[in-house]
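J.: Residue numbers (the UniProt record's numbering), protein chains in the order written: chain D, 1 to 388; chain C, 1 to 388; chain V, 1 to 388; chain H, 1 to 388.
Worth flagging that the hints you see were computed from the coordinates, not collected in a lab. Even glycine gets a Cβ: it sits at the ideal position worked out from N, Cα and C. Some hints here could point you the wrong way.
Cβ pair distances, simulated, as ranges [said to hold, decoys possible]: (1) C/P6 <-> D/A16: 21 to 29 Å; (2) D/G155 <-> C/S4: 18 to 26 Å; (3) H/D174 <-> V/E377: 53 to 61 Å; (4) D/E307 <-> C/D174: 47 to 55 Å.
Negatives, chain D to chain H, calculated, CB over 12 Å [to be verified]: (5) M41; (6) A127; (7) W181; (8) T247; (9) D250; (10) A310; (11) E319.
Sample of chain D residues at the chain H side, in silico, Cβ under 10 Å [as the list claims (entries may be wrong)]: (12) F33; (13) R164; (14) F206; (15) G209; (16) S211; (17) G214; (18) F222; (19) I255; (20) R275; (21) W385.
Protein chains: 4
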Amino acid sequence: MTDSRPALGVGMVGYAFMGRVHSQAWRSVASVFDLPVRPVMAALSGRSPDRTAEAAAMLGWAAVETDWKRLLERDDVQIVDICTPGDSHAEIAIAALAAGKHVLCEKPLANTVAEAEAMAAAAREAAARGVRSMVAFNYRRVPAIALARRFVEEGRLGEIRHVRAQYLQDWIVDPQFPLVWRLQKDKAGSGALGDIGAHIIDTAQFIVGRSLTGVSALTETFIKERPLAEESAGLAAEGGSEMGEVTVDDAALFIGRFEGGALGSFEATRFATGRKNALRIEVNGSAGSLAFDFEAMNELWFYQADEGDAGFRRILVTEPDHPYAGAWWPPGHGLGYEHTFVHETKDFLEAIADGTDPTPSFEDGLRVQRVLAAVEESAAAGSGWISV
Amino acid sequence: MTDSRPALGVGMVGYAFMGRVHSQAWRSVASVFDLPVRPVMAALSGRSPDRTAEAAAMLGWAAVETDWKRLLERDDVQIVDICTPGDSHAEIAIAALAAGKHVLCEKPLANTVAEAEAMAAAAREAAARGVRSMVAFNYRRVPAIALARRFVEEGRLGEIRHVRAQYLQDWIVDPQFPLVWRLQKDKAGSGALGDIGAHIIDTAQFIVGRSLTGVSALTETFIKERPLAEESAGLAAEGGSEMGEVTVDDAALFIGRFEGGALGSFEATRFATGRKNALRIEVNGSAGSLAFDFEAMNELWFYQADEGDAGFRRILVTEPDHPYAGAWWPPGHGLGYEHTFVHETKDFLEAIADGTDPTPSFEDGLRVQRVLAAVEESAAAGSGWISV
Amino acid sequence: MTDSRPALGVGMVGYAFMGRVHSQAWRSVASVFDLPVRPVMAALSGRSPDRTAEAAAMLGWAAVETDWKRLLERDDVQIVDICTPGDSHAEIAIAALAAGKHVLCEKPLANTVAEAEAMAAAAREAAARGVRSMVAFNYRRVPAIALARRFVEEGRLGEIRHVRAQYLQDWIVDPQFPLVWRLQKDKAGSGALGDIGAHIIDTAQFIVGRSLTGVSALTETFIKERPLAEESAGLAAEGGSEMGEVTVDDAALFIGRFEGGALGSFEATRFATGRKNALRIEVNGSAGSLAFDFEAMNELWFYQADEGDAGFRRILVTEPDHPYAGAWWPPGHGLGYEHTFVHETKDFLEAIADGTDPTPSFEDGLRVQRVLAAVEESAAAGSGWISV
Amino acid sequence: MTDSRPALGVGMVGYAFMGRVHSQAWRSVASVFDLPVRPVMAALSGRSPDRTAEAAAMLGWAAVETDWKRLLERDDVQIVDICTPGDSHAEIAIAALAAGKHVLCEKPLANTVAEAEAMAAAAREAAARGVRSMVAFNYRRVPAIALARRFVEEGRLGEIRHVRAQYLQDWIVDPQFPLVWRLQKDKAGSGALGDIGAHIIDTAQFIVGRSLTGVSALTETFIKERPLAEESAGLAAEGGSEMGEVTVDDAALFIGRFEGGALGSFEATRFATGRKNALRIEVNGSAGSLAFDFEAMNELWFYQADEGDAGFRRILVTEPDHPYAGAWWPPGHGLGYEHTFVHETKDFLEAIADGTDPTPSFEDGLRVQRVLAAVEESAAAGSGWISV
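Chain D extracted, bound-state conformation (with noise of 0.2 Å):
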């Protein structure tokens, strides 16, 4: 049966895992929630014509570019999603902007605080003619974490005492995991800070509602050389013989101050052996706290100091009062990771029909950009204090 809400053409940049996910949550999205406008999977973008055709077969494209400036001259495309590694979000996402098509960008922003800058002076430009876009800190959209802020903002846990975050992973602890482009400065920025690190950042603000004022940092790379890869495109490329330098941090840890007073204590590593994808964010306020961790996302944990024999409760977050969980499935029958980039789409495609800016805004994301460079000159200059 034909749709009959408006539709609004995607056209997506890059196909590996971000872009199967993205895809993943162009395809549902409309199906799940009662949307004003239905997405439709206009056209995919990648260098390599065959790759990216078969790509787009497998995944529910209706077409394939080599050139991802074909795609901001596609009417039949109104969205830019940019699913590439941080090195070209900038110039994407400008001229995306430029030629009035709304931007979906993956994280970080971008590799340098100067190219967030620009990137958020183009979306405030691009405001003002109605052209929307957003930077997919996912992690916002995680019904738990929604929770969490909602508990934040509604004051049950009082004044904020502390932020303690971490995201933990530990996909290279072997050294001989190959130099992949997510271990060179040039295309990723930085290592674990600036791709996990960035999404505890982002979280831990979100959800408290303030920012970092300063940071004290340590950063590391265990491994400094590592077999070169074949290609560098995926998680899982295997290594062969030559060596490379590993160019980023394979840890960062900092301390620091938010807005009003609470400290944060801040780790993101790839060396945290048996912690998959440990996204873990703990709040305690004056009234109560909170505990998170991915590895079980349906689960926010909630302390309410003024109940009779209190206790960290476990909340199932999947009944139908809670964030995004009631256009789901019954109480109980829980999400996964994907979903939260169902929801990402969801919020976006509704800003863009309601006519009004979505959040997490480029301006959130160079806010994050600079706390990451914060944490940089920080670890750099001996854990110095740096004002973000």
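Knowing the structure of chain D, use the given hints to seat chains C, V and H on it.
T.: Then chains C, V and H, alone, in the frame of chain D:
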């Protein structure tokens, strides 16, 4: 881009909870798994023309029928997917198989042993003609459950001693919850027993690879009367002021024995306040043990007795070598409820393409039905032992 | 410094596992709790003079007897503490009560209903003379269990629907584990059923405040023969080459009904590989639920249905207003197994000082004994229903 | 019966929280462990004659002194156990060692590095005379922590990359909680840092067997003024209406590096609402990882990377071959907070009997003190890096 894989048209009957989640599966499966065929969502059947058309538009079905029999006449339908209440399964499935359509049928297979026997006979006869059938015990396709089965098959648990299975929900604890179809014996066959008890019986038999040989049971209906629902189509229908009799069980408990000597303890209830969808199963063997809870569906707990400093280990079932997991996201990026259906359709489509019989077969469904009947018989006979 | 509180002399029979932990309790109780009396560890009785003397020196008993009857003649003994296998409980307890000694008796109260009835009668008669008796179901004195009872008593769970109780151990999974006294019917009465099943029956009845009215049961002995132990005094005795018959159950499962209509599911086994001392109990009521596992004994999980964003909350039962906890350490500084015995002796001593009857009484012990007998009778009769 | 083991008289200074728990340890240790000596609770010292006598009677001390110096003159005292606030440690310990008494001293060793250096020097000099000393970092004697140390020592974690340690409490979140001695710099030296931060520093260094080489830190006092306590002797004192300045930190966070290259992240706070005594530590190595939380003190979580289907395994540290556990109860019968002190006195008494130096030594205490000083220095210097 055109997907060059041969198409298999699907006609689905019903579009409530199960229809929605099956749609999600048909829509995703060929974009995630590298299948030899691709499903096409050809037609949706429902009694109300308007509501069926609305559902079809939302869920992505190309056409609509108001009589399921019309699906059997369509050349673009090779698969019939039955998502209706149990009282209609036998008629639809037997007719579809006779018409040469492959059949995927929701569980429980039927409302009576007699119906299930007829269906199993029809399935055997159809299989001889190359027509496939499968009953939708989706929990077999939770990666953690499939891994549990693998461990038992590999002998890592040794001789099985105990199975402890519970399916705990709480959605009808409120006496004002209305008399929906799931609480009416003529439509649902039984209550907690057939709806969720069927799942733990099948899951237990699947994991240990043995059948129950006898049971001793109790059932109870805590709330004898409930408000009549305006209509009884959904879980969330509102109750009115007129009351009707609840004709199914609210809870069913039984103990039993498996082939090979293991003991089983089973409980299915909709009155376990606070448990939302807690399909829990524990298996103890002479060499190891397993524990699982669907409320944390990405985790399998495994104890291997002969390893030093043993302990139940929490396996995050998201590694590339875990069942189904490799096709999705990197380790630690968990899956959700709906993905069990994606896996189900994947296995079903592969079996059709390969010309093999998928499992669980209608025979497996009949086996579960016989246990359900034995439970009801024992409960009616003062908990006396009933052989299966 | 002299403790000015009036002394109550204790004479203990047996110094194996239970004797050791009771000694720890007698030694500590008056230093932790502000008691009206203080226990004096007057004499220890055991058959072997040397080994009893050695145990007494180690455990802090002032004198030694090689015949328990001598304890009854001692003026410095006001309390007899029975820590022997079940086959001797009735004789010792009845004689001690007749001699005017207060009696604390290990569980199960006896090996048969007849013995238990005689003991309960003796206890009633003694109580009329101001002589007190108590059966040592120590798990009632886990702070979390006592808090669970408080919640039910306060009505916070509403109407009780389900009790789910398991006591899971694995210490005899190895077929070479020897035939210790706990595996011999003449000494132990029964196997897992009387040893650990008795605990969950008492604990369940205590928490819900209702008795079981009938059961349907299964029992099994997985390993029929075991090496004869050199001696059968301890859990850890070494096996030899000669074999003997195991005359008790390895596992016992039953389903049942409580007064008031709640359903119960019970399982006691020594073959749950990986579970060391998992006394687990869950209670579901119309307004809330509880869950407990002794392997994490300082935690009580509590669900209150009517609170917004409900979830099972992990109460760390170490707050000053929690049962027993205030006398110990600050919040979060957990207790261990032995402290349940300290609490038991505290309550027993206070009852003696106050001139009231402590609980659990021998009558309570008899009530458990009747359930044990019903379970054995049902298991022998093909799981048929047996009223308690 | 007389205990024939040679006696060692103990004289204890202080009878508040630490004095109570040490008493419990002295009372129990020789009945649980097969020691070559037995401690005798000879004398308790406190300033108030009445209250000290009352405490001594309750806790089981034979005599009372109102001046700790008198303990040093007593022939029946061979061990001095210091349970007073940190400002008196140096004077008492140095005098006791000079008098030839073995010394067990509560942590932190002292309030300043200078005091700690003097104490370490006195300990070295005394050791040459066969007089032993030990600082009471009791958490080293949690069986799970000792097992963690064993795993690292055996190389099962490979090269250590990360240490993540937190000690989280919440007992002063309420601004009306009074200004007890632990909140006064002259008595306590520092706040959360010295009280609980000292524990995680020692525990971390103990487990990984390496020292911190430098730190970058933040400290904060959230509540600057509090009601003056009537007296400031206990945690639970009531506040009055007059206010006084809080002169210690409420929370201390730092990042640092260990010898060998591991990174550390530390946090000690009394403002983590809902965390009661959460001493948490995680260690990630190239081959495995560990995680521990004192709120579940009988569990050690261990991940071994090279085992198939790896996962964090929950080891119940109650097996006979686990540290300290064999002397207590059967597997699964957990221990509590106080038992860490029993283990501490056991090891101390054995070292005295064996003529060896116990650990942690005053030198170890000094090492912790130097980290505490570096943390304070860094915090005062804008989080700049301070070498230890």
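J.: Decide, hint by hint, whether the structure agrees.
T.: A quick look at each hint next to the structure:
For the hinted restraint 21 to 29 Å between C/P6 and D/A16, the CB-CB distance of approximately 28 Å keeps it satisfied. Distance hint check for D/G155 and C/S4: the Cβ-Cβ separation is about 57 Å, which falls outside the suggested range of 18 to 26 Å. Checked against the hint of 53 to 61 Å, the C-beta distance between H/D174 and V/E377 comes to roughly 57 Å, which is consistent with it. Distance hint for D/E307 and C/D174: a CB-CB separation of about 23 Å, inconsistent with the stated range 47 to 55 Å.
At roughly 37 Å, the least C-beta separation between D/M41 and chain H is larger than 12 Å, which holds for a residue marked as non-interface. No beta-carbon of chain H is positioned within 12 Å of the beta-carbon of D/A127; the least distance is around 37 Å. With a minimum CB-CB distance of about 23 Å to chain H, D/W181 clears the 12 Å threshold, and the non-interface call stands. For D/T247, the condition that its CB be more than 12 Å from all CB atoms of chain H holds, with the nearest at approximately 19 Å.
Chain H draws D/D250 into its interface by the beta-carbon criterion, the shortest separation being 8 Å against a cut-off of 12 Å. Distance check on D/A310: its Cβ comes as close as 7 Å (rounded) to a Cβ of chain H, failing to clear the 12 Å threshold; non-interface status is violated. Against the 12 Å criterion, D/E319 stays outside the reach of chain H, whose nearest CB is about 22 Å from its own CB. Taking 10 Å as the C-beta cut-off, the interface hint given for D/F33 is violated, the closest approach to chain H being about 35 Å.
Because the beta carbon of D/R164 sits about 7 Å from the nearest beta carbon in chain H, less than 10 Å, this interface hint is met. A cut of 10 Å between beta carbons decides the hint on D/F206: the least distance to chain H is about 20 Å, and the hint is violated. Using the Cβ-Cβ criterion of 10 Å, the hint placing D/G209 at the interface with chain H is not satisfied: the shortest such distance is roughly 18 Å. For the restraint placing D/S211 at the interface with chain H, the shortest Cβ-Cβ distance is roughly 17 Å, beyond the 10 Å limit, so the hint is violated.
Proximity of D/G214 to chain H holds as hinted, the smallest CB-CB distance being about 8 Å (cut-off 10 Å). Interface hint status for D/F222: upheld, as the beta-carbon distance to the closest one in chain H is roughly 6 Å, under 10 Å. Restraint check, D/I255 versus chain H: the minimum CB separation of about 5 Å is within 10 Å; hint holds. With a least beta-carbon distance of about 8 Å to chain H, the hint placing D/R275 at the interface is held under the 10 Å criterion.
Interface hint status for D/W385: upheld, as the beta-carbon distance to the closest one in chain H is roughly 4 Å, under 10 Å.
The structure does not agree with the numbered hints 2, 4, 9, 10, 12, 14, 15 and 16 stated previously, though it agrees with the rest.
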